[in-house]
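Working from the sequences, and respecting the hints, build out all of it.
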Amino acid sequence: MTRVRSWGLGLLGLVVLGVVWEVYKAVGPDAGVKLGDRLVLPRTSDRAMPHLWDIASRLTEPALGRSGAPLWEVVGQACLFTLKIAAIGWVVGVVVGLLLALLMQRFRLAEAAVLPWVVLSQTVPLIAIAPLVRRWGSQLRIGSWAWDSQDSVAVIAAYLAFFPVAVGMLRGLKAPDATHLDLMRTYGVGWRTTLLRLRLPASVPFLLPALRLAAAAAVIGTVVAEVSIGLRGGIGRLVIEYAQAAGGDPAKPWAPILGAIVVGLVAAGFVALLGLSLKTYRRGEVGA
Amino acid sequence: MTAAETRTSTTATHASAPTPAVHVAGLDRVFTSKQGSVTALSGVDLDVAPGEFVSLIGPSGCGKSTLLRLIGDLDQATSGTLEVFGKRARQARLDQDYGIAFQQAGLLPWRTVAKNIELPLALHKVGKADREARVRELVELIGLGDFAGSYPDQLSGGMQQRVAIARALAERPRLLLMDEPFGALDEMTRERMQNELVRISAETGAAVVFVTHSIPEAVFLSDRVVVMSPRPGRIVDVVDVRLPGTGRDDALREDQAFFDAVAAVREALHGAPPPAARGVENR
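Chains A and B supply the protein sequences, listed in that same order. In terms of UniProt numbering, the first sequence opens at residue 1 and continues consecutively. In terms of UniProt numbering, the second sequence opens at residue 1 and continues consecutively.
No wet-lab data here; the hints were simulated from the structure. Any given hint could be a false lead.
[Claimed, not checked] For the chain A half of the interface with chain B, some residues (derived, Cβ under 10 Å), not all of them: (1) D54; (2) I55; (3) D182; (4) T186; (5) V204.
[Said to hold, decoys possible] Now the stretches of chain A that chain B is said to cover, found in silico as 3 or more residues with beta-carbon under 8 Å: (6) 173 to 180; (7) 192 to 201.
Keep in mind it's a predicted model, so treat the numbers as computed, not measured. For each residue, glycine too, the CB sits at the ideal point set by N, CA and C.
Structure follows, in structure tokens:
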């Protein structure tokens, strides 16, 4: 019942957004709304805000010229490409984040030494590190395997994804009550058993939101890194490419933007499924 | 060390010599911090015989919980002697000589009632069949046979506390440590739980060290009530309240002997006879 309701509300939100778009386009001034010299609401011309149905129908037309693969297919391919890199970045980021959280929980000294750097790492602009990662990576060569730009993009996605996991998981590992920790001590079990039987299960409610944030961060990181490294084949590249075509084909740039949203939804959906499989560990706290 | 080894060694000790369940002599506990030091316990002497029910009572800060934690080796004494079944507290903890229950039930929310009771057995690698048999016994003992598959959030506070007691009993300890286990319960549930605890402790024959704020609770449950006072935490009196008569049941709560014992403990707590012994706060 509540599930149907929340799906319904979600759909309703989408419909409302669409209606707002079309209504504003119909009644808003062509030149947009200005406050002094600042544009506060966008222009409503077909170039700036194409009709939703134009955006939709553009998806079915060929991406280039009069024949060839339809736009949705080209964008779909790019989505898969980006999704794959984002997934690799997410997995690497989650593993690194979990290991860091474990290290920080186990050794207080490590927390004091590592946590500030973890926080600081996120203040470095992505645009600045992308070329660095690429340059350093290109010198790597292990046997027949050589580093390529895709790996650089995945590393940058991981760089963004590890942060919420490290911080969220650290909080989760520290979540058990003093009573629970005392109890494990009375059982005379060590750190590892306490971790497996108490800290890990107790951390799930903190871990899941962290994984969701990490998924979003991995997708954004992938798209932005694709642009700043100049990797072809993904959504990031298409966003730039099609934006340049906006003059003559205003509905086209919206296709990769929709694609990026789909990638984000798939990523969030995957984490939601993960959450369902861990439902037992998300029961409400015991109200004594 | 395995649980089986432990069990045989402790029963052997038990059979050969009647060592007290708990032996405390000249125990001090001083907490030192940047602000200075606080003496939580000073010169505490106490013996608890096997099978005896002893309550620790006193105002907040009198160190009764600290004493319980020391017995359970959840904290270290600054000086003094502390033995549990003739062993050092640490060894007794590792040998699982005691079971413990806290004010919060402290059940793991992701485990069912049965799985919560089973936790200590599972951690100590008890076989599956033995585990299941023991859990079945215990859910019956606490009268929650129908709730074995329920999760803690589906239970009332009193039921959760009963599960916590069952968990403390899982490894058949000969000593139960209880830190205000009924402190968060309403009065009616509390009295019912006290009746159950009397029954359970009689059935298991375990010694109990029971921390409480409540005079009637201490009197109703105990053989002896240890009265403590704060700053520094120390024992001011030990009141023998083992009440005559057949057994402990609700009739006892109305008995003159019960009120007299309550008055005696009150007197020990306040250091002077109260104006009206009958008008005691009845919880």
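Evaluation of the provided hints:
Interface restraint check: D54/A against chain B, minimum CB-CB distance 51 Å, threshold 10 Å, status violated. Hint on I55/A is violated. Least Cβ distance to chain B is approximately 46 Å, over the 10 Å limit. Look at D182/A: its Cβ gets to within about 5 Å of chain B, closer than 10 Å, so that hint holds up. Interface hint at T186/A: satisfied, since its Cβ lies 5 Å from the closest Cβ of chain B, which is below the 10 Å cut-off.
Taking 10 Å as the C-beta contact cut-off toward chain B, the hint placing V204/A at the interface holds, the least distance being around 8 Å. Judged by the Cβ-Cβ criterion of 8 Å, the stretch 173 to 180 of chain A is covered by chain B as claimed, because 3 of its residues qualify and three suffice. Closer than 8 Å: that is the beta-carbon criterion, and the stretch 192 to 201 of chain A has 4 residues meeting it against chain B, so the requirement of 3 holds.
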